[in-house]
Amino acid sequence: MIGRLARQPLRYTIGAVDVALTTSVRNLYRDHSQLYEANRVESDRKVRPHTIQIDVTPTPYSLRHRRRFLVRTGSGVQFEPAGRKEVLPYVEWAVNWEIPKAMPQYLQLHASSLEVDGMGVILPGASGSGKSTLTTGLVASGWRYLCDEFALVDSRSLKLHPYPRAICIKQPAFGVLESIGVSVRGYRHYLKGTKGYVAFVNPHSIRDDVVGRPCPIRYVVFPKYVANVRPSLIPISRADAAFRLHSVCFNLLTCDRLALDVVAGLIRGATCYQLISSDISATCDLMHDLVSGAAGNHAKSA
Amino acid sequence: MSTDVVNDHRENAVRAPDWCPLCRSDVTVHELDGEGLIFDGRTTDTHRLNETALGIWQACDGTHDARRIAELLTTQFDVSLDDAMEHVGRFLALLDQAGLFAPSPLCMNDRLER
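If you read the protein sequences in the order shown, they are chains W and Z. Here the first sequence is numbered in our numbering, starting from 1 and rising by one per residue. Here the second sequence is numbered in our numbering, starting from 1001 and rising by one per residue.
In short, the hints are calculated from the structure, not lab data.
Below are the DMTMM-like pairs computed for lysine to aspartate or glutamate, each with C-alpha atoms no more than 25 Å apart in a straight line:
| id | chain 1 | residue 1 | chain 2 | residue 2 |
| --- | --- | --- | --- | --- |
| 1 | W | LYS159 | Z | GLU1031 |
| 2 | W | LYS159 | Z | ASP1033 |
| 3 | W | LYS170 | W | ASP208 |
| 4 | W | LYS224 | W | GLU178 |
Here chain Z stands alone, though its shape is the one from the complex:
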């Protein structure tokens, strides 16, 4: 994904199971033939996403938790829900470690319901 991983306090943080990741709006994203490039101006890191990773990134809109994102993957690719959950979990952890998510203590859907 990226050759430079940001090392900060999020490295060892554990997210709640119902955490709904929200992409930072201040990063630059380009889609090229189904793959993605993300540039983080804060760290000057550049991240390259393959087709699957780009799909996960685009689902991180603050309304989908990891399970929901994995379910979306199973509709696009021939993969079991358990495998998708594992891949999504690992990838979200990498993105989180790189500092690419905005603070989102509550899932947006939960916030609307409350």
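Just chain W, with the same shape it has in the complex:
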């Protein structure tokens, strides 16, 4: 059974991203299949040129050395997680690593991305800014999910495209999401490098019809989490926002169009804010008010 699994890749279309995973690691096969069940495609379908190939194999058992796993990409990059609990995070990481190379037609920004009423909203921010938690909260309250890690911007149309991968939630945020009805208890926990324990949430488990469609970006909101304050939105200039977006491009030099041209183009159609986020429910309410045009009372001057 495991030998057959190794020969037959698991193939997925995750929004704009095609992935082919080959593995003989039974737990990984099971976990990945469960997370991306809604994205499976037939293995005999023709492989598209930009498909990201990932291969995961265990090293042989040894009495002297701890067993490791080899996570290899089609372009030759290799990771070596040590334990089973680290493998899935590294597979996700490997896919992220390959996307800039495989898909230069998109400008890739380090940002969560969502769609609401045909409008794209991106939340750029470094790890720990709370964007994945806020994204999950907004999705649970009715927004459509595009991605928790990337904003994929078509370099020609400037539209935001979906890459609805499993949402990665860090352990400190588990209780926050439980408080708004998003349970992570049924999910396995994994070890993701310095970020500690994480859970991967299948976005389709939050609600049906959860994945958004390609859309123009109308709001650029930079979240910053501050505990025990009232959430607020501070307008910032488009130049400030564009400068900050440019600095979080994953493929600044490999996008098929000049990154600043793409950023300047998309920002001209957007309104931009710094978000001071706090309590998840109050912050989601503030974001609802923003996109419905009712956020004027909450917005402070820059």
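Got chain W sorted already, so can you dock chain Z onto it with the hints?
Structure of chain Z alone, referenced to chain W:
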């Protein structure tokens, strides 16, 4: 202006008083609501200019020296010529240090007269 300042031989160079700065034509410039963004493909530095800085940048066309640029500023903003000269001088030095000017040994006006 920019978080990354290019460190090269121009760092300590002193320009002649009648130097007429000329913006490089191979940098990418975008104007957004009166502010500017400049991307230098050679260094991959990005520079953000506020309204005043953008006005100075746009005056760097090889025909205006620092005094003339400062005079232009006084027509747009409520600032004395001495203050404008000081700000323009410092800003031009920053742009020069970042390598954003093309070689322009002579002011274009001087070249035409000669």
